[in-house]
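Undergrad: Please put together the full structure from these sequences, using the hints given.
Each protein sequence line maps, in turn, to chains E and H. Take the first sequence: its position 59, counted from the start at 1, is 59 in our numbering, and no numbers get skipped. Take the second sequence: its position 83, counted from the start at 1, is 83 in our numbering, and no numbers get skipped.
Note that these hints are calculated values from the structure, not bench results. No experiment lies behind these values; they were computed from the predicted model shown. One should not assume that every hint holds.
Stated by the list, open to error - Here are the computed distance ranges between Cβ atoms for each label pair: (1) Lys69(E) / Leu83(H): 34 to 40 Å; (2) Asn77(H) / Asp2(E): 23 to 29 Å; (3) Leu83(H) / Arg31(E): 34 to 40 Å; (4) Gln41(H) / Tyr51(E): 26 to 32 Å; (5) Ser19(E) / Asn51(H): 40 to 46 Å; (6) Gly54(E) / Thr112(H): 42 to 48 Å; (7) Ala77(E) / His73(H): 39 to 45 Å; (8) Ser19(E) / Glu82(H): 36 to 42 Å; (9) Ser18(E) / Ser65(H): 43 to 49 Å; (10) Pro8(H) / Ser18(E): 38 to 44 Å; (11) Thr13(H) / Pro80(E): 33 to 39 Å.
Heads up, the beta-carbon is just placed ideally off N, CA and C, and yes, glycines get one too.
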Amino acid sequence: EDQVTQSPEALRLQEGESSSLNCSYTVSGLRGLFWYRQDPGKGPEFLFTLYSAGEEKEKERLKATLTKKESFLHITAPKPEDSATYLCGGADKLIFGTGTRLQVFP
Amino acid sequence: DSGVTQTPKHLITATGQRVTLRCSPRSGDLSVYWYQQSLDQGLQFLIQYYNGEERAKGNILERFSAQQFPDLHSELNLSSLELGDSALYFCASSLGWGSGNTIYFGEGSWLTVV
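TA: Structural data, given as structure tokens:
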């Protein structure tokens, strides 16, 4: 069964404390992996799509990487405004993980 | 603002009733997707339409149905509502279909079944 698993479920960071979120997938023939950011009560906002192992994409303090089995979202020197739930999913399978809820404290 | 418009934003209805959620995709987008998000289930894919035709189907209940009209707007119909149908329903759109297309989400319709 196609599945996307994210860890940790929740992450609390101090402002400036870098960390990584994990997304592992067991999806047959995966063609592309999404990362989205979702604020409470809002629609998910697109961040990145990664297509091949070794690919990396960056946006401000976020960098997404992809291997054959998993993806990481690295957050460097986070700020309180980075607090949100981060979702990953299969781009062609249209399935998402349950997300990592990130809280960054000043 | 993603450009995807959903109405209504909030809806409260009783068990057994039927509701219709409406979605206008971004200008030029031909694909429309419907997702359900509840606290314990995460973001669940329901169904996708491309240019009026059903393209992919996910975990959509038989009590739910959707369609995409010639002007590309879409409606999700939920009938015989149960308490467990209370959730945030998202519509999303993309230019085409397939992994090369970025999917843009609307702000959602909050459905509460009492």
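Undergrad: In ascending order, which of the hints set out earlier in this document are inconsistent with the structure?
TA: Failing hints: none at all.
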